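Student: Here is what each chain is made of, one letter per residue.
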Amino acid sequence: MAEQIIFYVLAIVIVVFSILSVSSKRILRSATYLLFVLLATAGLYLLMGYQFLFGVQISVYAGGIMVLYIFSILLTSHAGDKAKSVSWKRLLLAGIAAIAGLAVCGHIIFHNVYKVVEAVAAEPTMQEIGKAMMGTEKNQYLLPFEAISVLLLACIIGGIMIARKR
Amino acid sequence: MSNIPLAGYLIVSAIMFFAGVYGFLSRRNMLTILMSLELMLNAADINFVAFNKFLYPGQMDGAFFAMFAIGVSAAETAIAIAIIINIYRNIKNIYVDEVNKMKY
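Protein chains in written order, with numbering that gives the first Met the number 0: chain A, 0 to 165; chain B, 0 to 103.
Keep in mind that the hints were calculated from the coordinates and are not lab data.
Bear in mind the structure is a predicted one, so any value in this text is a computation, not a measurement.
Heads up, a few of these hints could be off.
[Stated by the list, open to error] Capping the alpha-carbon separation at 30 Å, the derived lysine-lysine pairs in DSS-like fashion look like this:
1. Lys91(B) to Lys88(A)
2. Lys81(A) to Lys91(B)
3. Lys100(B) to Lys81(A)
4. Lys102(B) to Lys83(A)
5. Lys24(A) to Lys88(A)
6. Lys102(B) to Lys24(A)
7. Lys81(A) to Lys24(A)
8. Lys83(A) to Lys91(B)
9. Lys102(B) to Lys91(B)
10. Lys88(A) to Lys100(B)
11. Lys91(B) to Lys164(A)
12. Lys102(B) to Lys88(A)
13. Lys91(B) to Lys24(A)
14. Lys24(A) to Lys83(A)
Please model the entire structure based on the sequences and the hints provided.
Tutor: This is how it looks when you write it as structure tokens:
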């Protein structure tokens, strides 16, 4: 019962703030709403029993990426700036695209997914996660882990190249 | 153990994804477009984790996919923001319909 209440609270937070985040006129506010959405997503991970993912989501998204966003918003916009108004035709088109996609997905979810599943309790321990990340056998992920580290290195070099003074 | 059906998680992430689609198509500011992209990536991560929990409870593939997706999106955001700030330094503007210097 408590689990369901927590889920409903998180779901309402996610739905309301993600819609506010894409419709707010002030950019700093929409960044703040995005932060709430990311934190509620971390809550969903915790509810599903993935504590490590919860930590990753909080520290990388809410801690790292949002700080980058807020810095760059403060660098590129002035106080009291509002979003430029968009032509109603474009708004209508975007709304139709979103609603149509949501209708298709909702139809599929409600008609096909219910038949499939019943949840089983299995929460991976930190030890298992560490072993899966550092092994080379079946269901172990050393290669993508290293690929991510190379990607981050390339990202650092690219960031320096883009941002340096000429 | 869990009283919440898989469809609950899926519908939440679908709403989040299409909010992102709406923002991606209707916003003009590059930073807000990037934020909408972030919403879409996040919704995909929720789906990965939910499918892993409900369909393959003994394994961790979905959780690892979500983890690597978070890493990739962090890198992508950092580079994108570097590019946006560079554009702002050059033409004092980050609206997508006014960034057309290289177009003609």
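Student: What are the numbers of the hints that this structure violates, sorted from low to high?
Tutor: none
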